[in-house]
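Following the hints, position chains B and C against chain A.
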Amino acid sequence: MRGAAASFPLFSPAGGGILRDLMNAGPSASFRRLFDEVGPVDSVGVEERVAKYATRSLKQAAKLWGLRTAVAMVDLTTLEGKDTPGKVASLCRKALRPSDDPAVPPVAAVCVYPAMVRHARRALGPGAKVRIASVATAFPSGQAPLATRLGEVRAAVADGADEIDMVINRGAFLAGEFSRVQDEIAAVRDACGRSTLKVILEVSELETYDKIRAASFLAMTVLRPGDFIKTSTGKTALNATLGNNQVMLEAIRDFYLDTGIPIAMKPAGGIRTAKQALQFLVAVKETLGDAWLNNRRYRFGASALLNDLVRQLAKERTGAYQAPYYFSEAATSY
Amino acid sequence: MSRLPITKTPKVYVGGAFIRSESARVFPLRDAAGAFFAHIPQCTRKDLRNAIEAAAAAGPGWAKRTAYNRGQILYRLAEMLEARSAELAAALLVGVKATPRARAAAAREVAATIDRIIYYAGWADKYEQLLGSVNPVAAPYFNFTVTEPMGVVGVLAPATPALLGLASLLAPAIVSGNTVVALASESQPYPAILLGEMLATSDLPGGVVNLLTGFRRELVPTFATHTHLRALSGVATAGERRALRLGAAESVKRTRLRPAEDRIDWYAADAQSLAAVGDTLEYKTTWHPIGA
Amino acid sequence: MATFTLNPRRRGRPAPELIFGDLWPYDPAPETADPKLLARYGLFINGRFTPAKSGQVFDSINPATERKLAELARAGTADVNAAYAAAQRAFDTTWGRMPGRERAKYLFRIARLLQDRAREFAVAETMDGGKPIKESRDFDVPMAAAHFFYHAGWADKLDYVAPGRRVAPLGVVGQVIPWNFPLLMCAWKLAPALAMGNCVVLKPAETTSITALKLAEIIQDADLPPGVVNIVTGAGEVGAAVMGHRTAAKVAFTGSTEVGKSILRSLAGTDQKMTLELGGKAANIIFDDAPLDQAVEGVINGIFFNQGHVCCAGSRLLVQESIAGRVLAKLKQRLQVLRVGDPLDKNTDLGAINSREQLRKITALVKAGVREGAELYQPACVLPARGWYFRPTLFSGVTMSQRIAREEIFGPVLSILTFRTPEEAVEKANNTAYGLSAGVWTDKGARILKLATELKAGVVWANTYNKFDPASPFGGYKESGFGREGGRQGLLDYCRLA
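Just so you know, the protein sequences line up as chains A, B and C, in that order. So in this note's numbering, spot 95 of the first sequence is number 95, and the numbers just go up one at a time. So in this note's numbering, spot 179 of the second sequence is number 1179, and the numbers just go up one at a time. So in this note's numbering, spot 114 of the third sequence is number 2114, and the numbers just go up one at a time.
Just to be clear, a hint being listed does not mean it is correct.
Capping the alpha-carbon separation at 20 Å, the derived lysine to aspartate or glutamate pairs in EDC-like fashion look like this [unchecked claim]: (1) Lys52(A) to Asp2349(C); (2) Lys2261(C) to Glu1250(B); (3) Lys52(A) to Asp2027(C); (4) Lys2036(C) to Asp2221(C).
No wet-lab data here; the hints were simulated from the structure.
In isolation and in its complexed conformation, chain A is listed as follows:
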């Protein structure tokens, strides 16, 4: 019976098993089965749920804690064609010390292109508090031969990347070639060695919540505890939203309760304000609970966000609203 299984047989050992059997039934059959096993998502319902997060009112200590925790969760990102060693070095300095205020923690990681990893490592030094994440696998499209993508991952790890942000093969996913998508994720995982893997679903290209949920499970099945699933590259029109964040958090929760394996989550792109970040954190608190309210289990992929977090922390400290040009590399400087 459709959806009647009390567990998700997809999560069989090492992610092979049943899923691989399904592949033999042909891509379209496996496509339907995948969605049936993880269940559908009602988009209007998701959006109504997350609208309630936005009505949570955070005051005083709760707000301070949220803002500081958000800072510590930032993957401070620069992903531009014009990135230079100098820009990356400055980013790293900011990552280590986002504010003069000693109560503001360093961010979780810097996130750079593979070519910039060695510059970041030089700027941060070995064993730094801030980790280095790198977007490998022919980011953002992923449209390169697997061998090329794996080579890029190995190079970034060799240059000192603690974390690899990969993109899934959306083309294969949308064509129904799930085993290929999953096998590629597993191959990248192996290429990561001891580095953490973050799997970017590129939700805007999957488009529907059903597919986002299905892709989350497809990835999680081959991930290790502490690896991430991540919303977006930040290079498409629609990136992290409270809606797709919620769908992925619920997938993580269902997977965890079924397997005991905690997968981490990273929304990326489009989170520019402290207010938004707090809403995402409220979603984490109310969906996954306390164990995910730290930067081992939750990150923000962002660049402009950090400034606003620091700015709001300054406002909380001083009681005065702050002009943006008090903060380095603010987007608006006039």
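Below, chains B and C without anything else, positioned relative to chain A:
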């Protein structure tokens, strides 16, 4: 030597069958000159209960028929009446002095009855388009209101016009999928006996219309209190209305009762209406999200 | 409790659990807007606030603090007579003769003025009734304004209400409303009546009259002709006087089925036109292919919205047996993050129970549920020391014969039953004297339409629950009452066909 005719034993039409009262009681009907005409079943509350059960059993199937099909069946019923209109007119003259004026009135009543059935037959596949709606709610939902039949409707026919009054109450109820248990005119029950025979030869499924004859004072209390009746439609005296509403209160039964004291013109333009169809309908509103 | 089949990867290890602890507690976030309450409110008759002729008053209590909010006038028969006389006069001299386009503008004014004072009204509503501020702020008050807007637009288009017929107002309408949505029910009752050209005598619930009287201030500010709207306050006997008044051309009541039946009985000897919106015991049906997280959210919203003081609350959850364990587990998790407490706190999800009497009734029915063998679950939330509160409550293993599956609890208590097939689901859902609303959750379109047809209820929410809109007719089948409120169909109950 003239042949002695076989007289018909009047039976009431319940659950698609012709029955006499379970009590075996009858009351005599006499012609205008006072001569015996026939014995009419004097139905009891148990007959009413049985009729309601027959109506309830027929309800889901009848309501599930397509609107087109219900309309076709009502047209067919009108055809049956048209073919036997002389007989119906004669039935209306039982107990009445057959003056030319009375004959004309009877013929007119039969014609109006047939036209009324035709009128409601035509509504079958149209009333929903006027009574239902799609509602523009301020959220991403498709929201629509449809009508549904109430269920088993109790009909209390007026004393006169015995046939037109009964048909005017029956037709708008059944056209939407309700089923009916009706109590015919107490003073002129014979047209309802004939109508039953015509119902049986139309394609109306058994149990959709159940016609009882008998005494109002015996049956009104059960019409009032039987909780499976979802609505009461008809003409009643002040005392009856009070009793019916008191009983109806216990199950929040819908009452559509017109005062017997009022002079109701059953031939008037507004004696047939879309609103009369609406009187035995419930509105149901459904919401569904619009999303991918 | 049934739960997931253990996955091979987890075998031998303890079941994983989520921790909803106090790592990041929300600080108190009280809404501080001034509700602008008066110490004493009179009756609103003929456009003026006047004390009861008897001079009697009663206290309106804040259920969250058990403290007195204001003193209200206790109307007597003479006051009700005066209200009806004023209404009839207004109907005969101004309102009943006014062109619809002019009535429309008055209704627009009311809607705008209500929007202007929205936050003030929300705070007053929350203090008076105990509902969370986020609900009064985001639902009750804006929805009340929306009802006036919607019906304003009808006032000059009444020729389109009844196809083929012209409509006319009835005269004076008597209306009695309940305590669960005090302002919103006021709007539901007043807006269509006024749009159609009727005048009104309205009685709000004894425990929640304040926002109706604040609305009377707006009616004054909107310069409505005196007597068009009259508001009398007091307890049941005042309601009975309003319902039974000879001047009334129609009466409308929203409240319990029990009181509805007594109104029907008391008016049995009259030919009074009536609308009754009564109780419910709605089924919320979840099939195994449903979007489960949204279904769970809908179930939560269905039963805990307004502390379950909702006539159309989804108080019976019918869940397909094959997923019952998973759904129950998800519900329990969701309950852990529901916040019960100070209704004025912006983060409160469940506020105070409206009255001590209602709390007593809920408590008694929950005890009956335990006694009859249903399995109780309540989250370990801390309730405020003062005020009337009740924990959100789940009962699993419920059968149709138990009281908690048949009686309207009107509180935050969900009874969970299981079914195997669609036919069984419909049978159980319809196995009640009520018929106000129903919910169905499934990913299959054809099944939704089949169930939407077969469920005997005036409102069917498919893959959603507890949604309302002025354009959407609302009302019940069977013992949940008759007549509709909202939409074109709702207007039909406030007119006579000419």
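Please verify whether lysine 52(A) and aspartate 2027(C) have alpha carbons no more than 20 Å apart.
Holds - the C-alpha atoms of aspartate 2027(C) and lysine 52(A) are around 17 Å apart, at most 20 Å.
Checking one constraint from the list: CA of lysine 2261(C) to CA of glutamate 1250(B), max 20 Å. Satisfied?
6 Å, holds
Holds or violated: lysine 52(A) and aspartate 2349(C), Cα atoms, limit 20 Å.
10 Å, holds
Would you mind confirming whether the straight-line C-alpha gap from lysine 2036(C) to aspartate 2221(C) stays at or under 20 Å?
Within the cut-off at roughly 15 Å; holds.
Going down the numbered hints, you'll see the structure goes against none, and every one checks out.
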